[in-house]
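**Student:** The lines below spell out each chain.
Protein chains: 2
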Amino acid sequence: MINEHMMDLGSRRSTIRELFEYGNSRAAIVGRENVFDFSIGNPNVPAPEAVRQAIYAEAAGDPVALHGYTSAQGAADVRGALADSLNKRFGTDYTGDSLYLTAGAAAALSCAFKAIVCEGDEIVVFAPYFPEYKMFIESGAGAKCVIVPPSIADFQIDFGALEQRLNEHTKAVVVNSPNNPSGAVYSEQTIKRLADMLRGKEKEYGHPIYLISDEPYREIVYDGVQVPFVPHFYDDTIICYSYSKSLSLPGERIGYVLVPPAAADSKELYAAVCGAGRALGYVCAPSMFQRVAARCADQTSDIAVYQTNRDLLFNGLTSMGYHCVKPDGAFYLFPQTLEADDRAFSERAKKYDLLVVPGADFGAPGHMRISYCVKTETIERALPLFERLAKEYR
Amino acid sequence: MINEHMMDLGSRRSTIRELFEYGNSRAAIVGRENVFDFSIGNPNVPAPEAVRQAIYAEAAGDPVALHGYTSAQGAADVRGALADSLNKRFGTDYTGDSLYLTAGAAAALSCAFKAIVCEGDEIVVFAPYFPEYKMFIESGAGAKCVIVPPSIADFQIDFGALEQRLNEHTKAVVVNSPNNPSGAVYSEQTIKRLADMLRGKEKEYGHPIYLISDEPYREIVYDGVQVPFVPHFYDDTIICYSYSKSLSLPGERIGYVLVPPAAADSKELYAAVCGAGRALGYVCAPSMFQRVAARCADQTSDIAVYQTNRDLLFNGLTSMGYHCVKPDGAFYLFPQTLEADDRAFSERAKKYDLLVVPGADFGAPGHMRISYCVKTETIERALPLFERLAKEYR
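Note that the protein sequences, when read in sequence, are chains A and B. Going by this note's numbering, the residue at position 139 of the first sequence is 139; the numbering climbs one at a time, nothing skipped. Plus 1000 on top of the position in the second sequence (first one is 1) and you've got this note's numbering.
Mixed in with the good hints, there may be bad ones.
Stated by the list, open to error - With a Cα cut of at most 27 Å, we get these calculated DSSO-like pairs of lysine-lysine:
1) A/267 x B/1134
2) B/1375 x A/134
3) B/1351 x B/1375
Calculated from the structure, these hints are not laboratory results.
Working from the sequences, and respecting the hints, build out all of it.
**Tutor:** What follows is the structure, encoded as structure tokens:
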């Protein structure tokens, strides 16, 4: 009598969740400091002090205005401030009318998918991919999720495989760069080639194909790598953004959908995003954190720690013989597992209290995701354990 | 190429929104103080000072813990504290495991509907009703929304009309007491009779019929009226709650779904609510306001202002000849309009810069909703205008 699919979604723990709970039970036995939990993407770098100051400043003001409903799209002045911040960085001329504030990137994606999906539509996703995509697309919006296999050598795009999966039912293609779980940043060449292919297919099929760019890790890049700003390369882009990672605010649920004016049917599309938000029960994005985001839009948490962690972990693991594409962004390493069965490898790693997520969960078996948004000391102490694990396979 | 239904939901302004925008344009001409906007249910009583203190206290702590992801159901200690608060008030013995924290009541309802709805299901709603119900039920969860006409004399339940609308497809019945827009509080007698009827129908059809109790106005009642606690009368109850009204925090989006252990298949139902939250893109309820709600769960804003406003407005209007069921709760008056066509009446009221919402929007034509969560002075100055409006009909 209950919706069984929802029950299944709610009762079947994800592998990441299973590992998290396992870690807690192990911590009770061996001590928290002896469990090396690399499973969760919860930033361990604190929000910048500016966030705390913004909270104090806002809370000191009129509570009726601060905590009241904003318009469904978000407070007009906040949207204006966020548009200005984007314009400064990317040379665009957006106004607040292109922004729809959301309860984080998950809400942004859910609204974007629901806004565009019609009966029979397909949405294309590149492996390795954030596992919740499939759920938002299928269980949330009712479209078919089509998965392009990973380009193992560099985690850019396998264009041959992509082209085989595009057809007249393709409504959108999702990119996530910097990528969770691979840490890859799509090069300008990759984005250009993708844009060219999609423009060709738009003409061939006679309808827009939206490029949904999920960018919560946009600011988390290393060695001066530039993340191409997708709307500069392809008009029919929809950006989904979250302050979860850049400002270390994942629990506060604050982000946005950006519908650039150049996108096909942009006004209707923006209206449909608003309509999807209504239908899904999103009344407005949390009001105080709308204002905090506006005050802190040009800041980030101290991402230098992530660079330290990446270098330490990447250099350490590759010197032990682990094979890994060097990630340019996000806070994940996605090395190959030392046996083809990544679930078996993840199980074996538990012997050393190393918790890593099997790549199969992201559509890329034979790999493991290591979240390095942890204390640097945790990595230092974990490396000898990764070495002992590697020895078992020599 | 865009989902037209979503586009329509996002571009068609509600009457309330139209009135709000009209009020803004009039304010620019005649001055804000001369526009009497009774259209919006945005609390004008500030959040209690305890909320500000809770924000300061939480913001002073560790930002990684404060702003990090909580579990999808909400932080365990917060859920425990909220369960304790309910137990104290209602003599129940809930634990945090029965609570699923949400981004407000709209999210709570959306998750509850999506958790239970299967193909072909119907959900019953009593007029006058909050207009977004229909959208959550139809556009969000994909069920048929069945409306029971209002019981004009007292805004309790027309049981004859209800019984005609129950059938084997009925999955749930929604009650909202204290009611938006009528202000009516269902009596214990009403709830008992409803529970008896639903139990009978459950037996007849051989499956549970959930009673979804939407209770954002639970604490806003007058003259010592008691709001019956629905789970005491009917096992298969699901409560949807929000702190929007009791703590004047509508923009912060914080509330919960309560699945009492006595409800049919309560474990599976709770899991399905969690699954629905995932599918709709709700990762967790905003983390800082989870903690603020836990600290302030036993408080309310100063609702004495609402009682003053109700008395002033009710006594004033009825003495002029407006007919109105005296509301026992919420912050709405729902009088009959002085002509049968409530939209025409609402238009005529604009001549006096009185903004009232036509009852037809709530499924009860021939009425108007007057939100009295405004300054008392606004009501004092509006009464002579209501008198002049009434004179036109004498």
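**Student:** So, for every hint listed, does it hold in this structure?
**Tutor:** Okay, the hints, checked on the actual structure:
{"no.": "1", "hint": "A/267 x B/1134", "in the structure": "25 Å, holds"}
{"no.": "2", "hint": "B/1375 x A/134", "in the structure": "49 Å, violated"}
{"no.": "3", "hint": "B/1351 x B/1375", "in the structure": "21 Å, holds"}
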